[in-house]
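Enquirer: As given, the protein sequences belong to chains X and L, one line each in that order.
Just so we're aligned, residue 295 is where the first sequence starts under our numbering, counting upward by one.
Just so we're aligned, residue 56 is where the second sequence starts under our numbering, counting upward by one.
Simulated from the structure, these hints should not be mistaken for lab results.
Where a beta carbon is used, it is the ideal one built from N, C-alpha and C, also for glycine.
Among these hints, one or two may not hold up.
[Said to hold, decoys possible] With a straight-line Cα cutoff of 35 Å, these simulated DSBU-like cross-link-like pairs (lysine-lysine) come out:
{"#": "1", "chain 1": "X", "residue 1": "353", "chain 2": "L", "residue 2": "74"}
{"#": "2", "chain 1": "L", "residue 1": "71", "chain 2": "X", "residue 2": "415"}
{"#": "3", "chain 1": "L", "residue 1": "74", "chain 2": "X", "residue 2": "415"}
{"#": "4", "chain 1": "X", "residue 1": "353", "chain 2": "X", "residue 2": "415"}
[Unchecked claim] Below, a sample of chain X positions facing chain L; criterion: calculated Cβ distance under 10 Å:
{"#": "5", "residue": "320"}
{"#": "6", "residue": "321"}
{"#": "7", "residue": "398"}
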Amino acid sequence: MLNEMQSAGVIQNYALFGATAQMRYTEPVATLDADVLVAVPSPDRLDALGGIYGFCAAKGYHPEGEAIQVRAWPVQFVPVFSPLTREAMEQAETADFEGVPFRVVRADYLAVIALSVGRSKDCARILALLESDSVSREEIERLAVRHGLAEAWRRFERRFLND
Amino acid sequence: MTEIEQLLARQARWQKSRKALSWPEKIRMAEQIRASVAQWRSLAGYNAAAAHKSKSVRA
Chain X
295 MLNEMQSAGV IQNYALFGAT AQMRYTEPVA TLDADVLVAV PSPDRLDALG
345 GIYGFCAAKG YHPEGEAIQV RAWPVQFVPV FSPLTREAME QAETADFEGV
395 PFRVVRADYL AVIALSVGRS KDCARILALL ESDSVSREEI ERLAVRHGLA
445 EAWRRFERRF LND
Chain L
56 MTEIEQLLAR QARWQKSRKA LSWPEKIRMA EQIRASVAQW RSLAGYNAAA
106 AHKSKSVRA
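Pulled out of the complex, with its shape left as it was, chain L reads as follows (with noise of 0.2 Å):
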């Protein structure tokens, strides 16, 4: 087995891992996705209306 291998090995291990946590403990991680991906979007939807507006004054 590659070190890549091994590496993708261990993240799937881990991965399947959390699968054994409670259930309320994975809710809990569940919320902190929620509010990483929420904080994405409005970073994403900053990003893009920044661009708008340079675009907008090159023009």
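Chain X with its partners taken away, still in its complex shape (with noise of 0.2 Å):
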């Protein structure tokens, strides 16, 4: 349904984010919903996600709460804001889900995006895709300094991962 949303022209891009997305590297892990990180043609529109709205609900998809429930699962759309996210979502990889190309933002964007957010869920998402060597601390930190987030790092480091 993303890739005709973006067919239509609804959405000018997308990639799946958080636990969802995650779940490419590590162990599958407790979520309620998923999170989808969209670029729409006018942002700064009151209603910037309508557009979505109206093509889910021509779908027979409706929304619960923030979310729209997609089949089995409610998706959250969330516009890109800010630029860690716009580039997350550009240079998400496309993965094979059943046959169906799907773009996926990367493990190091998912880390990063993560330590912005800096929730105790956040910090167990770092460490799970640390664990699973998908993504190494030195490709963290050089997103995070490029992203403004090196003191974040720097903590993150002293907290979880100082010997």
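Work from the hints to combine the two standalone chains into their complex.
Expert: See the structure below:
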């Protein structure tokens, strides 16, 4: 559906992020919804997500709270909200989901987005990605520094990684 | 290694082995986890409501 939405011009680009993207690299984790970063044609409009809601409604998928229920999953569409998230979406990889190509945020960007948010579950996400060897400390550091998160990364290292 | 340590080591190996599943398999597993959590939450809500009701009846 996301690919169709992109072809129809409802969104310019998208990439799955959050826990469902993390699971490409780590063990399965408990999550209540699927998060999708989107670039919309008119991000400054008050109803920036209106086109997405309309497209989903036409397919029979309706809003439930802040998400849209798409088959088994409540999907949260999040417009790119920073240079980091825009870059994460643009640099996303195309993964195969049972024959369907699906854009998914890379492990290094997932870790640095988690670093920028900084809740406990985000710290756990960074540790899980590091443990899965899908990203290295150096890669996270490089990206974190480039996006003004050097201090946040130092704090994370002190708290969780220094022996 | 004690029996408990062996059990924990086996459990850790089994948990780590889930990392090797395909992405769609992991997503399906997450769907099952989500369904269990939802069921557990609704049950917890039901139990809390029942406990509240029984307290009100006693009062």
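Enquirer: Work down the list of hints and note, for each, if the structure agrees.
Expert: A quick look at each hint next to the structure:
For the given pair, residue 353 of chain X sits about 34 Å from residue 74 of chain L by alpha-carbon distance, which is consistent with the 35 Å threshold. At most 35 Å may separate the alpha-carbon atoms for a hinted pair to count; residue 71 of chain L and residue 415 of chain X meet this at roughly 19 Å. About 18 Å separates the Cα atoms of residue 74 of chain L and residue 415 of chain X, which keeps this hinted pair within 35 Å; it holds. Taking the CA atoms of residue 353 of chain X and residue 415 of chain X, the gap is near 33 Å; set against the 35 Å cutoff, the hint holds.
The criterion of a C-beta within 10 Å of any C-beta in chain L is met by residue 320 of chain X, whose closest approach is roughly 6 Å, and the hint holds. Checking residue 321 of chain X against chain L: minimum C-beta separation of about 5 Å stays under 10 Å; hint holds. Contact between residue 398 of chain X and chain L, as hinted, is supported at the beta carbon level, the nearest pair being about 8 Å apart and thus within 10 Å.
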